[in-house]
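Student: Sequence:
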Amino acid sequence: MMRNTTEIIDRMNLFTLIWGLGQATKYPTLAPMTTTTAASFHDYCGEPTNDSLSQFVLDQLFNDTYNKNTVPSKRSATVVTIEFVIQNIAQVSEISASFTLDLLFSQIWHDPRLRFDHLTPCLQNLTLGYQMIDRLWTPNVCFVNSKKTEIHSSPTPNIFLMVYPNGTVWVNYRLQVQSPCIVDLVLFPMDVMSCELVIESYAYNAAKVALNWREWSPVFSIAKSKLADFTLYGMQWTKNNFEYAAGQWDQLTVSLTFSRAYGFYILQMYLPTYSSVLLSFVSFWIDLKALPARITLGVSSLMALTFQYGNVARSLPKVGYVKSIDVYMVLSTGFIFLTMIEVALVCYLESENNRRKRMRQQQKKEEKLAKCASVRKKESKNKSFASSYGAITISNSNAAENDFRTTDEEPFTNQVASMFESLHALAQIGLFADVGEVEARWTAEKVDKICRKLFPTTFCVLNLIYWVYYLYQNMVAKENALAPNVL
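What the sequence shown shows, in my numbering, is residues 102 to 588, in sequence order.
Take the hints with a grain of salt, since some may be wrong.
Pairs of lysine-lysine, DSBU-like flavour, derived with a Cα cap of 35 Å [said to hold, decoys possible]: (1) K249 with K309; (2) K340 with K175; (3) K249 with K340; (4) K547 with K458; (5) K424 with K325; (6) K547 with K465; (7) K390 with K550; (8) K466 with K390; (9) K248 with K169; (10) K327 with K579; (11) K419 with K547; (12) K390 with K249; (13) K390 with K554; (14) K249 with K175; (15) K458 with K327; (16) K465 with K550; (17) K340 with K424; (18) K169 with K340; (19) K340 with K248; (20) K248 with K424; (21) K390 with K309; (22) K248 with K175; (23) K169 with K309; (24) K248 with K419; (25) K325 with K248; (26) K309 with K340; (27) K424 with K249; (28) K325 with K465; (29) K249 with K169; (30) K309 with K424; (31) K579 with K340; (32) K466 with K327; (33) K466 with K547; (34) K390 with K547; (35) K340 with K327; (36) K465 with K248; (37) K465 with K424.
Quick caveat, the hints were computed from the structure, so don't treat them as lab data.
Turn these sequences into a full structure, and let the hints guide you.
Tutor: Have a look at this one:
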């Protein structure tokens, strides 16, 4: 019951608004409207106006001399005042690049052929049905850029028609209009959409019909419904002239600026992405021996991130430029990818460290064997020199040359082989010493410790830069969309 009462009050307020608009509208070039108080009206007329009097006036006005195909003013352009009230914003869609709204669209002009103040003072106005609109001359004002325009019928066409005694005609339509929007998703989901309604007289150029906005608040909204994705940030209205082949037309434009409500995307996109990235950083604290756990954590985070982004991408039009959400997703994916690269690097360093340890152990064994071999070689060398002096013999005097021979050549061959083995061992000792220094500088544990601080800190700093930059761009886009009204 309370809800029905509220709706009735709203309708009464709306009717009062429309009535007040008609009563307060002033036309400097028109004859003054007839104003009569309720007391003087009843005193003069005796009885309230009835249908017979209205029918009499209509018969006099719409006689054989009235031609609805000719412009009311022959000497100058007929001035048509435009205003409309946004009743409801039904939809704003970035997929179809359009918006849909219900509005009360008013056109007010003066037709001197419809004056009836000389016929009777007992009628303050003539309120006519929608059928009479076909018998009147109308300026044929339309939304030239609309994709679809319909007159509400509930159950009959919602057309309000009123004629004042001085010939002022007021027509109000309750329409549903679908018009295009300028979609720029560079800042998505912190973007701003600008939607326009362009009004022209389709049949008459500026020499016949001049369109003007109402002098005070020609466009305003009484919409109480709130869109899920957008908020009406502001409105502006302008007037300019457009040149066609048939002449110059007056053009009235209304721009509605919608700011996207990005709270949904923070809850459904940004926070889960934060969780996935931060979860991938946990691998830095997992033991090096638990390599499968570290890999599983990184792959799971990457898959979750891809799935979340896919849900958002499916609800957006396919555009050829980078959006704000794309920058953020690339940033987050890059951190998870680098986390997995770090796992591979740590695994490599750990395997190299283990290989060096095994080679050192082998080196120590070889060094011990080399020391033992060197002792043997020294002993065998002394023995070989001592035995060689005793083993030298001189041939008989009849020989042409003296032949010095050793009875045993094996110790000398062993000495040469041992010398090459010693050089190889020394080279390995020097090489391993350098590798040991590199290993001491970069170990798997040290890389993990660095990444535990580097990755979270860098991620937080880049997020701060991201939000400061795009929120500032969102504010600039709103300011640019709301320029001063030009009438």
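Student: All hints are to be evaluated individually against the structure, with a verdict given for each.
Tutor: Verification of the supplied hints:
| no. | hint | in the structure |
| --- | --- | --- |
| 1 | K249 with K309 | 26 Å, holds |
| 2 | K340 with K175 | 24 Å, holds |
| 3 | K249 with K340 | 23 Å, holds |
| 4 | K547 with K458 | 18 Å, holds |
| 5 | K424 with K325 | 31 Å, holds |
| 6 | K547 with K465 | 27 Å, holds |
| 7 | K390 with K550 | 16 Å, holds |
| 8 | K466 with K390 | 28 Å, holds |
| 9 | K248 with K169 | 28 Å, holds |
| 10 | K327 with K579 | 19 Å, holds |
| 11 | K419 with K547 | 45 Å, violated |
| 12 | K390 with K249 | 66 Å, violated |
| 13 | K390 with K554 | 21 Å, holds |
| 14 | K249 with K175 | 33 Å, holds |
| 15 | K458 with K327 | 69 Å, violated |
| 16 | K465 with K550 | 32 Å, holds |
| 17 | K340 with K424 | 34 Å, holds |
| 18 | K169 with K340 | 27 Å, holds |
| 19 | K340 with K248 | 21 Å, holds |
| 20 | K248 with K424 | 27 Å, holds |
| 21 | K390 with K309 | 88 Å, violated |
| 22 | K248 with K175 | 34 Å, holds |
| 23 | K169 with K309 | 14 Å, holds |
| 24 | K248 with K419 | 21 Å, holds |
| 25 | K325 with K248 | 24 Å, holds |
| 26 | K309 with K340 | 17 Å, holds |
| 27 | K424 with K249 | 30 Å, holds |
| 28 | K325 with K465 | 86 Å, violated |
| 29 | K249 with K169 | 27 Å, holds |
| 30 | K309 with K424 | 47 Å, violated |
| 31 | K579 with K340 | 21 Å, holds |
| 32 | K466 with K327 | 82 Å, violated |
| 33 | K466 with K547 | 30 Å, holds |
| 34 | K390 with K547 | 15 Å, holds |
| 35 | K340 with K327 | 29 Å, holds |
| 36 | K465 with K248 | 87 Å, violated |
| 37 | K465 with K424 | 61 Å, violated |
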